[in-house]
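Build out the structure end to end from the sequences listed, making use of the hints.
Chain order of the listed sequences is A and B.
Under this note's numbering, read the first sequence as residues 1 to 389, first letter to last.
Under this note's numbering, read the second sequence as residues 1001 to 1328, first letter to last.
What the hints contain is simulated information worked out from the structure, not anything from laboratory work.
All residues carry an ideal CB built from backbone N, CA and C; glycine is no exception.
Don't take each hint at face value.
[Unchecked claim] Reference listing, derived: stretches of chain B covered by chain A, where coverage requires no fewer than 3 residues with Cβ under 8 Å from a Cβ of chain A: (1) 1211-1222; (2) 1264-1273; (3) 1317-1326.
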Amino acid sequence: MDLAFTAEEDAFRLDARAWLAAHLPAAPLPSLETAEGFAAHRAWERELAADRWSVVSWPEPYGGRGASVVQWLVFEEEYFAAGAPGRVNQNGINLLAPTLFEHGTEEQRARILPAMASGEVIWAQAWSEPGSGSDLASLRSTATRVDGGWLLNGQKTWSSRAAFADRAFGLFRSDPGADRPHRGLTYLMFPLDAAGVTVRPIGRLDGKPAFAELFLDDVFVPDQDVIGEPGQGWAVAMSTAGNERGLTLRSPGRFTAAADRLVTLWREQADPADTALRDRVADAVIGARAYRLFTYAHASKLAQGADIGAESSLNKVYWSELDIALHETALDLLGPLGELSDAASDAPAHGGWAEGWTFSLAGPIYAGTNEIQRDIIAERLLGLPKGRR
Amino acid sequence: MQFLLDAEQREFARTLDRLLAAGDTPAVVRAWSTGDHGPGRLLWGRLAEAGVFALAVPEKYEGLGLLPVELAAAFVELGRHAVPGPLVETVAAAALLDRLGVAAAAEEWLPHIAAGEARLSLCLPAAGPYALDADAADAVFVVDSEGEGDRLLLTRESGPVQPSVDPARRLSRPVGGSVVARGPEVTEAAAHAAGLAAFATAAQALGVGQALVERTTAYVKQRAQFGVPIGSFQTVKHQLADALLRLEFARPLLFGAALTLEPADVAAAKVACGEAVYAVARTALQLHGAIGYTAEYDLSLWLTKARALRSAWGTPSACRARVLADLG
Chain A
1 MDLAFTAEED AFRLDARAWL AAHLPAAPLP SLETAEGFAA HRAWERELAA
51 DRWSVVSWPE PYGGRGASVV QWLVFEEEYF AAGAPGRVNQ NGINLLAPTL
101 FEHGTEEQRA RILPAMASGE VIWAQAWSEP GSGSDLASLR STATRVDGGW
151 LLNGQKTWSS RAAFADRAFG LFRSDPGADR PHRGLTYLMF PLDAAGVTVR
201 PIGRLDGKPA FAELFLDDVF VPDQDVIGEP GQGWAVAMST AGNERGLTLR
251 SPGRFTAAAD RLVTLWREQA DPADTALRDR VADAVIGARA YRLFTYAHAS
301 KLAQGADIGA ESSLNKVYWS ELDIALHETA LDLLGPLGEL SDAASDAPAH
351 GGWAEGWTFS LAGPIYAGTN EIQRDIIAER LLGLPKGRR
Chain B
1001 MQFLLDAEQR EFARTLDRLL AAGDTPAVVR AWSTGDHGPG RLLWGRLAEA
1051 GVFALAVPEK YEGLGLLPVE LAAAFVELGR HAVPGPLVET VAAAALLDRL
1101 GVAAAAEEWL PHIAAGEARL SLCLPAAGPY ALDADAADAV FVVDSEGEGD
1151 RLLLTRESGP VQPSVDPARR LSRPVGGSVV ARGPEVTEAA AHAAGLAAFA
1201 TAAQALGVGQ ALVERTTAYV KQRAQFGVPI GSFQTVKHQL ADALLRLEFA
1251 RPLLFGAALT LEPADVAAAK VACGEAVYAV ARTALQLHGA IGYTAEYDLS
1301 LWLTKARALR SAWGTPSACR ARVLADLG
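Okay, structure coming up:
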């Protein structure tokens, strides 16, 4: 048992660190949930891609470096430790790309992945509907067969990044007569500027349009934009659902870097006699360390060819709750300044805590609510019987 | 990067599990709680034959160690089966005697510890005034301060038993003793031993938590109310899911600490395992309902130990302070 990095992994870390030091924007970019910030983050994706740092774990032909899981974790540690910008194309990179690698055609991979890697095409997800959240298989938007493709109709909602993104992917009911709700669904990709698509941005808690409603009215999608077999969309989507919850969506580097910043804030701001706050800072440090080690154990399992499966639900509940606790502790350390938005001129210089807190609150909701994850943990890891939700 | 137990280490843990499952540990615990140490001594001997104590003793003293990863795996199983006795104290005393470098004391005790012939208790200033199971130990090592420096004492006498919330943990104050060593070497060796004790206690706590989740999962699958197993209710599922979650994120901290034995890493593991086991115990009690609140039902053997181990060899607060102090 060891936690040692190879010479190659150490060299990879130093390469990433050097590149980030040379290229990091001089000042933090505007919030990626604004039009201006979205454009700035897209430009940053282009800069990352120019030196093959945007999708390090992908094979080289698509813009990656063929990095191992451990190398990817190393890259992420360096990325967040450097304070580099948020990744505007994470829906594409973390959700769609793994699906294309597993179920897409070579034509789809060649057409879609390089443009995703470079930030030329930014992707939104289109899973939820007004009546279908945790019970996603009850979705009602339809895909109807027409000559050469499909016509999409219906309504999607809570589509992250859709206010400014270029394209979206999601599930549609292609066989209304199927005997079970999760049968007869098809996984499709579509442009957000296509005829028949109406995008209505939705302000999240802080008012920024981080997601949107999508109205679809006879939107034509060619056959080449179906992933997997028609009618098999549920299986296609679920086979990579672990990617969103598990190893790839929220890497440990994000939390170890945030915990380091929290310790700095604590040293600057804290009343040494306030041991209650001190304990919460310690818990953030311990929690981030636990998540990092847990992930390295998972990476070791993957390297042995084992499947993580339902254990990714443990992962998702843990990081989402850690993220909230960590940001709440930062806001409490800031005292009266804790309620300031990051836009306030008095906001702490090394700020971002307010927007980070806002973002953290969504964690237990997206990527499968934590209630659903706890059901999965109880039923699949502990073997408890299914019951009414 | 291979942050997993290897096949041999997993097999070692399985061997201990089988050995202990066959040993009717609940009966051993109940005897131990009344001061009948006979069955516990027999079990101790079998654990020694399996190599448990040799893991903490260097090869030159007829041991195998120090092997912290294997030691953690072993103490998880000891906690899981609620094995009574000064287990942590014996391996921590071994670490102290090895580090101290007083050859006569090391030669006198370490081979016997490895062979399972010596049960030692230990009392260090940082961990409070009590020695665990002194009445069952062959000797108690005590570190105290006298004048300018620390000194190490050896005694076989202790005061009356101060009952713990865990009936299987028999606490008492050591009495008197002869001086084995003095000076900064004692201070340093005591700090090393306290760290190893915290580490082994964290492992033991994790094993206690694992047993509580296993027993509670089995119970809620068979206990029916309203015509269905209570384990099909979402509120029951979610409490158990949270219990498992706490244990599974404490575990990597324990094995991370095994790789370094750095004080901050050990402290982080102790916080996580101690907090996890106590929270898991609360859940186990709640999901069992009234039957879990009885001394007669075996769940009590783990419930009460969970509370004791949360504070033993490093309170959560002291360990949190250590984590931050060592960040540099």
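A quick look at each hint next to the structure:
1. 1211-1222: holds (count 4)
2. 1264-1273: holds (count 3)
3. 1317-1326: holds (count 5)
Of the numbered hints stated above, none is contradicted by the structure.
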